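Asker: Chains as they are written, first to last, in this note's numbering: chain Z, 14 to 605; chain E, 284 to 634; chain S, 50 to 374.
No lab work stands behind these hints, which were simulated from the structure alone. Keep in mind that this is a model prediction, so the values were computed, not measured. Keep in mind that the hints are not guaranteed to be accurate.
Claimed, not checked - Cut-off 20 Å, straight-line C-alpha distance, at most; resulting in silico cross-link-like pairs (SDA-like, lysine to any residue):
1) K520(Z) / Q353(E)
2) K80(S) / R449(E)
3) K142(Z) / K183(Z)
4) K416(Z) / P127(S)
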Amino acid sequence: MRKTNALALAALGTVLTMGLAACGGTAGGGGNTSSGNNATGDAASAAKHNDAYTKVVNPSDAKGGTLKYALSDEPDSMDPGNTYYAWNWNFSRLYSRPLMTYTAQPGEAGLKLVPDLAEAPGEVSADGKTWTYKLKKGIKYDDGTEVKAADVKYAIARSNFTDELTDGPKYFAQYLDSGDYKGPYKDKDLNNFKGVETPDDYTVVFKLKAPFSEFDFLAANPQSAPVPQAKDTGVDYEKAVVSTGPYKFESHEVGKQLNLVRNTNWDPATDSVRKQLPDRIEVQFKQNAEDIDNRLIAGQIQVDLAGTGLQSAGRAKIVNDAKLKDSTDNPFTPFNRYAMISTKVKPFDNIDCRKAVQYATDKVATQAPWGGPLGGEIGTTAMTPTTVGYKAFDLYPNGADHKGDLAKAKEALAACGQPNGFEANVAVRGDRTKEVQVAEALQASLDRVGIKLTIKKYPSGDWSAQYAGKPDFVHKNNLGIMIAGWGADWPSGFGFLSQIVDGRFIKASGNYNMMELNDPSVNELLDKGIQTTDATARNEIWAQVDQKVMESAAFMPFVYEKTLIFRPSNLTNVYVHPAWGMYDYTWLGVKQ
Amino acid sequence: MPGSDPPGHPGRTIVVAFIVRRVIAAVLMLAVVSMATFAIFFLIPRALGQTPEGMASRYVGRDATPEAIQGAVKRLHLDDPLIVQYGRFAKGIVAGEDYSLGPKKAECPAPCFGFSFNNNQPVWPTLVDRLPATLSLALGAAVLWLVTGVSIGVVSALKRGSVLDRAAMTVALAGVSLPIYFTGLVSLSVFAYTLGIFPGGGSYTPITENPVMWFQALVLPWITLAFLYAALYARLTRAGMLETMGEDYIRTARAKGLKESTVVTKHALRATLTPILTIFGLDLGLLLGGAVLTESTFSIQGVGKLVIDAIRGNDLPVVLGVTLFAAFFIVLANLIVDILYAVVDPRVRLS
Amino acid sequence: MEAKPEAVLEGAGGKAIEGRSLGRIAWMRLKRDKAAIIGAFVVLFLTLVAIFAERPFGGLIALFGDSPNIPNNDLIDPLTSAPIGAWGGISLEHPFGLEPVNGRDLFARILSGAQISLLVAFLATLLSVVVGSLMGVLAGFFGGWVDTVISRLMDVFLAFPLLLFAIAIVGALPDRALGLSGNGLRIAVIVFIIGFFSWPYIARIVRGQTLSLREREFVDAARSLGAGNGYIIFREMLPNLVAPILVYATLLIPTNILFEAALSFLGVGVNEPQASWGGMLTRAVDYYQIAPHFMIVPGLAIFITVMAFNLLGDGLRDALDPRAR
């Protein structure tokens, strides 16, 4: 599901803007501890905790060396057109160039889109339904052949219109006006794909079903990186992706190891965001998570590819060692971790029963499983602090210490006609330990006001297709509360909210609006927002949507997720990119 | 007496006939196991209300439209009757099968245990890929436990009632009472984390890449796994020895004035070891199908870890493939043991 | 396919152990076996603890003033998730310390988990004893094709990678089935799987004993007096089989405790918040470096329980079959 894997959202909002406003770039003095040492940021020893959040740590243009990544998991695919992992949307840019991408800067500035494969941002037609991109001339694949507009068209077709490439999102299929196109594997003639047109070798035209003012964000998805039709091997393409970026595939043993080497056909003059420092980049998959931490701290590897932060043992080590702590950053991720309370399951169809849950929850207890304050900040809104348009508010203050306001909860219960509490179910992904622990904490919290929860565990693989994402199932099994999380696929209020709060997005299966909130005022505001061209006015609207959603009491945030990520001293050019909430993988170098 | 049949003597034919009979039985057994496995993984979910669409939804990614799900149902033939699906599965093992990867077909040559749609790889190569880790773990531990377990058992039996015997048997009893994942965690905590003598979990390296790392990484898993089995084998050996030593023929041998060491090694030990080796064969067969708990505890990417991950990820083809693969080793071990028996002990052939 | 682990475990080589006359002698022997007596006491103690853990009136857990499912977040260091204080927060109020992250009381959770471990082990053993004895007697008594079929069936069962099956089946369980739901259903299924798949171990032993009993005079005598098969099986054979069945049931219980713990460890045991020893160890994997007590406490609980049953079972076997000593 999109939530765990997805990309982020993340304009640095009000919480951070104060510290960031002045820096916006490479050598700013933001952050909390280091406002005095912003001169050149040269020595690694000078870098403090959270420095890479606001500026580039260890800046260097030294080339050479081998940069080593490790991942505890296995990717869905290393094919840029067939992946939904946020880290992979970051990492795959090393060997693939989408039409647009994000500015290479920490802080708010990093959320601005810049043309990558394209010459300029998309040009939209008057009716808002046609977006045109001109490609830069002379961009080559690693074999020296030139990138053609048809390759971009083909990349969109294969990633969005085939049964085989299932892992990525399907936004282009959703928004493009392409009739009943069967996809390039069933229909070899690309001319039958009407959603994208290529009037010449350097022009790509997208035809939309309806106006969509944020199309540039879609064009920044790695799915728009060109794929030559002759080289496409479908699912197997991940074994030998044809590169347009600074690195190319040397070898790829699926699920084990990926080795990248310099791509001599990449021309830095055409590329404003990437660097090409290390000679080699090696990625090991399926490594033991704790072992990754140990090797990171020892400097044997440089990056935990997933960007999800240290494990508990590593965290304890960091917390107890001030020096080690200076080598860490604690950024917000794009994720909000929350519970959705069904508006259709009794007795939660009564808003007062939902409010009782909001007041009774001990949010310190539900914060603990994420790793306490280092793992997330207690949340009170649907949007996260790093979302454009975020405004802080708290409609259900549950005590100064966030441990619950039982008196108010009981009032709400009485108003709901259930003064003595009731029995209900909470659904959770059983293989996600942290979420199960959250459910347990919630269970203990609500028990205090007589709400007896039963935890129902479902496998995460089928979670949205068959269980919590299937309203039928939810109703039949009385799943009153569902523990979930969400990070948007592109950094805008719309990208974050639309899938989870728009009542018209309630699907029979694969539904993310699990609370089944269908509030006309929310839906209208979303429509109004996406057609509003003025950014300030638009962001104002996202804040209003947030307010409306929270008024329904169906959305209960636990934490705005944070990670504790480690940067070894031999890692150079390190900064947290706001679009991903992890280091910018296209910039990193290694000291030899 | 075994081996006394001259060439061409009917006895040899009987052995061959016996072996042929056992091989056929083993193949039939695998067929039964494969059907039962298939039934468990496909019939039970269906009986419990799982629909073909539900099964298919696992293979279509996160943003599946109903049409995509229907496409997957068709592509994976999930709407066929189960018997047809089983037939296709069985045919894949024998003759291989092709899968659509998009612009081209992926060949999954025999033995095709199916195709994992979670990582888009055929199951068989993945299995083969994981096998060296499991082999390294199981074989190394097996040598360790066989040597230590049997010698401790023999010594204990000979020194019955001594302090040594009591101490060894107490440790052995503790050994069979400790969950292996607990011993594993404690040894990781003490030897890897606190003392730093051995590398931690997940540090397995193939022997072809770095034999030293391979060895270092496997020391703790070997000892952990061998501890359990050595304890078991010490108990078995001791009990077997004691029983054999009480048999008439041992008394006869002693009465004949044979040296005690000859009696022990030539007669008692041999009689004791035969059943021990039988169990050894079966235990090893079981472990080759994946040392699930040990591999999980030490994060060794072997067959056992593969299947656990597959179960958690709902990757049925992998689960099915590994289960069958594991059953294959057990049946094979059974078969080898049977045949060895038939060769060694002529009486067995008649049964 | 005769020589199987049990044949050796059995030690007696498939020979029948005599019943009644031996009973008193066995009891005398057992009384002299200190280790077995200790085992027996520990088993009795644990059984009582499990029975009275949560009942009546909250049972022992309430007596010690705690609850297995209530978090104590104040006692957890929020930055490291580890309990505050030495040794995992061990104190008078929390004699076994606290769980990392949520600070639940481990003493209460161990007691609560004891119920699951023992309940599952006893019920599963009971099931395999019933099925195994029946199959074993039938195979041994009737011989011929009945024996062949049952013996092959046992082979098939032993060829199943049991752990994998168990994980897969429990993992695929729906929410509600057979009129049961939640942990009731899970416990029932776990009991069924463990019991149903371990019956061959009992059946082998019973079959061997039956084979030798069949040839004994009293069976012939009964038959010549016109007794039917049913009478002979239930009145003549079974009483003579009680002792060996009891011994191997006692030895099967610890195996089943370990099995249940392994299932919980692999994440397919009972559902949280119900505590289980194996489940606690699963979580301990993530925290063994910062909170080693969280691994040691449930690990020792399993160890002590299994060891006690093994001591008792060994003692019983030795008492009934002196040759194995």
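Asker: All hints, please: hold or fail.
Answerer: Hint-by-hint comparison with the structure:
1. K520(Z) / Q353(E): Holds. K520(Z) to Q353(E) sits at ~16 Å (cutoff 20 Å).
2. K80(S) / R449(E): holds, 19 Å
3. K142(Z) / K183(Z): It holds: about 18 Å lies between the C-alpha atoms, which stays within 20 Å.
4. K416(Z) / P127(S): Given that 20 Å is the threshold and the Cα spacing comes to 14 Å, the pair holds.
Comparing the model with each earlier hint shows no violations; every hint is respected.
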